[in-house]
Each structure stands twice: as structure tokens, then as C-alpha cells.
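Chemist: Residue numbers (this note's numbering), protein chains in the order written: chain L, 1 to 110; chain V, 1001 to 1114.
Simulated from the structure, these hints should not be mistaken for lab results.
Keep in mind that the hints are not guaranteed to be accurate.
For lysine to any residue, the following SDA-like pairs were computed, each having C-alpha atoms within a straight-line distance of at most 20 Å [what the hints assert, rightly or not]: (1) L/K56 / V/V1030; (2) L/K109 / L/Q80; (3) L/K42 / V/R1064.
If you want the ones that stay clear, here's a sample from chain V, every Cβ over 10 Å from chain L, calculated [claimed, not checked]: (4) S1007; (5) Q1017; (6) S1027; (7) E1044; (8) L1060; (9) R1064; (10) R1081; (11) Q1083; (12) S1087.
Residues from chain V that face chain L, not an exhaustive set, calculated with beta carbons under 8 Å [said to hold, decoys possible]: (13) E1052; (14) Y1104; (15) G1108.
A virtual CB, placed ideally from N, CA and C, is assigned to each residue, including glycine.
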Amino acid sequence: QKEVEQNSGPLSVPEGAIASLNCTYSDRGSQSFFWYRQYSGKSPELIMSIYSNGDKEDGRFTAQLNKASQYVSLLIRDSQPSDSATYLCAVSSAGNMLTFGGGTRLMVKP
Amino acid sequence: GAGVSQSPRYKVAKRGQDVALRCDPISGHVSLFWYQQALGQGPEFLTYFQNEAQLDKSGLPSDRFFAERPEGSVSTLKIQRTQQEDSAVYLCASTSGTVSYEQYFGPGTRLTVT
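Using the sequences plus the hints, can you model the full thing?
Modeler: Encoded structure:
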């Protein structure tokens, strides 16, 4: 059974702080890693993809991948109240189906 | 450009009724996926098409669920004899499958079985 684990939260951070979201996965064959943001009542929105070990930065978002530790993380710098949402970690192998974690609910307080 | 579209956005069905959910992927996207999302959980894979070929249907929960993509673009997920446990949001995603493996989701169909 392929698993993706996330702390359900809520993770509460003050506005302007760094939010750190973590994810572990069990399938060592996983090749592609994604972070989706999901607002309440909406569908998942892709915010980051990462395929190789190390860091990938896009604006205020940084994704980090460590395949040896089977660990993916997402850092959100200068967190804004509009970042409050559920963040879903997803992994796949060879362009196949995504396996999602249960999501971490982030709350950014003004 | 246009994203993934799904219809209907909301569907209420009486237990035992059949329903059909439609997905129109991003133009030119080869691969199309269906997921089911229960309240408070992450999406779970149902089935996957590459063009018109259904390559994986391992996630379909029972033989009451059936999906097709006859011309390699629009897809329909059909649920026969709906049960209360089928109540969920059904999400469709598409990806080019060639340039990248990033999957883009439609708005979903919220199915409520009463």
C-alpha cells in the first residue's frame, strides 16, 4: 500500500512568518512530487512540482525533496492570510496516478 | 486558455439512481484522471485514461462505477445504483503526459446521494 503522510494540523502561523509543511511517502519508486493548495469548497490547485533532490523556489514558495529520507516539504515565506488553506502533498511514479496525503490545514493569523 | 471543466457542478441523486459525470480536459492533454474526495480527506485515485485507452481502473470501488473516454477527449464517469457511500466530490484532472506530469484539476462535481 503506497502511503503519503501529512500532519493534519491546523498549523497556525502569524502573518509574515515562514510556514513549514512536511510530507513523508512510503514508495521508493516515486519520481514526481507535487504540492497542491485547496481552499474550502474548491478543487486542488497546483502550486509546486519537484522531481530531483534539493530545493526548488518559486516566489514565496520553496519545495524541498530528500529521496533518501523519503521526505518532501513546502516552505511559505512571508505568509499571508490568503495562504490559509489545506495543502496537499502528492506523489507519483512515471506519470501515473497521484497518491495524496490527507492534507495539512494552514491558518495564517493577521 | 481554458482549464478542465466538469459538469454538473452539483448533483443530488436518490439512492438507486444512476448518475453520469462529465469531464472536459485541457485541449490537447493526452492523459485524464478521475479522483474521489471525501470530506476532510485527500483525493483518491479512481481511474486513468491515455487518449481513449483506459490504462488503470484499479481505484474504482465497485463494478457500479464505469468510466469511458471514447474519442480521447471528453470523459464520463458513470455510477449505477448509487449508494449513500458514493456521496463525495468527484474530481477530474488532465496532464499533457509528454511535456510534464503536472496534473490540473477541474472544479469537481459534488454528488450527494439521499
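Chemist: Each hint needs a verdict: does it hold in this structure or not?
Modeler: These are the hints, each one checked on the structure:
{"no.": "1", "hint": "L/K56 / V/V1030", "result": "violated (27 Å)"}
{"no.": "2", "hint": "L/K109 / L/Q80", "result": "holds (8 Å)"}
{"no.": "3", "hint": "L/K42 / V/R1064", "result": "violated (26 Å)"}
{"no.": "4", "hint": "S1007", "result": "holds (14 Å)"}
{"no.": "5", "hint": "Q1017", "result": "holds (24 Å)"}
{"no.": "6", "hint": "S1027", "result": "holds (18 Å)"}
{"no.": "7", "hint": "E1044", "result": "violated (7 Å)"}
{"no.": "8", "hint": "L1060", "result": "holds (12 Å)"}
{"no.": "9", "hint": "R1064", "result": "holds (20 Å)"}
{"no.": "10", "hint": "R1081", "result": "holds (26 Å)"}
{"no.": "11", "hint": "Q1083", "result": "holds (23 Å)"}
{"no.": "12", "hint": "S1087", "result": "holds (15 Å)"}
{"no.": "13", "hint": "E1052", "result": "violated (17 Å)"}
{"no.": "14", "hint": "Y1104", "result": "holds (6 Å)"}
{"no.": "15", "hint": "G1108", "result": "holds (5 Å)"}
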